[in-house]
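Enquirer: Position one of the sequence shown corresponds to residue 1017 (this note's numbering), numbered consecutively onward.
Among these hints, one or two may not hold up.
Cut-off 20 angstroms, straight-line C-alpha distance, at most; resulting in silico cross-link-like pairs (DMTMM-like, lysine to aspartate or glutamate) [stated by the list, open to error]:
hint: 1; residue 1: Lys1111; residue 2: Asp1182
hint: 2; residue 1: Lys1113; residue 2: Glu1091
hint: 3; residue 1: Lys1111; residue 2: Asp1149
hint: 4; residue 1: Lys1113; residue 2: Asp1174
hint: 5; residue 1: Lys1113; residue 2: Asp1159
hint: 6; residue 1: Lys1111; residue 2: Glu1138
hint: 7; residue 1: Lys1111; residue 2: Glu1078
hint: 8; residue 1: Lys1113; residue 2: Glu1176
hint: 9; residue 1: Lys1113; residue 2: Glu1087
hint: 10; residue 1: Lys1113; residue 2: Asp1134
FRET-style restraints, in silico, Cβ to Cβ [what the hints assert, rightly or not]:
hint: 11; residue 1: Asn1122; residue 2: Asp1159; range: 49 to 57 angstroms
hint: 12; residue 1: Ser1184; residue 2: Arg1128; range: 35 to 43 angstroms
hint: 13; residue 1: Ser1085; residue 2: Arg1177; range: 19 to 27 angstroms
Hints listed in this document are in silico derivations from the structure and should not be mistaken for laboratory results. From the three backbone atoms N, C-alpha and C, an ideal C-beta is built for every residue, glycine too.
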Amino acid sequence: GEAARTPAATRDARRFMFSPARFAVAASFIVALATASALLVWGLSLRDELSSRDALLARSYESLSIMASAEARWEVRGTDAAPDAHGVVAYDEQKGKSSLVMWGLNEDPSLRYSVWVDVAGERSPVSRLYIADGGFWAVVRRDVRSLDGFGVTQIASDGERQVVLDASISGD
């Protein structure tokens, strides 16, 4: 008699495990878990984006603050690689920082712009050029008058580089 009960018990267990009601509960749980995961990822992404925007806003405010309070300003022009590029460099002695604002550069999002300084013939990257409202700007934590030169290099997604600004400013 017990052998006859085992197959029936197994069938009952299978019906219990794979019943339509259980399947619906499991499917609902999986959908809820997937939705919660997607919301978590979206929330983290949004937080990172807001954090990046806050940092960008702080940098732009710093650049504008230097421009507004600078004791000295100079106009700069792009190289032959960027003949329409032009801008202004300002130095704030109290802050010990310079600000570079440029217009006329290529706004293709696949391009990056690296700001560098030249000291004794050695070029070192110091910042990147950020874009906002059709202009590009950067803060250089140096007195541009004390440098042998400074500039901006355009970097394409394939790594190709072109110097688009190469300038030097006399301390006089």
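Enquirer: Against which earlier hints does the structure fall short, listed by number upward?
Expert: Checked against the structure, the hints that fail are numbers 1, 3, 4, 6, 8, 11, 12, 13, while the rest are satisfied.
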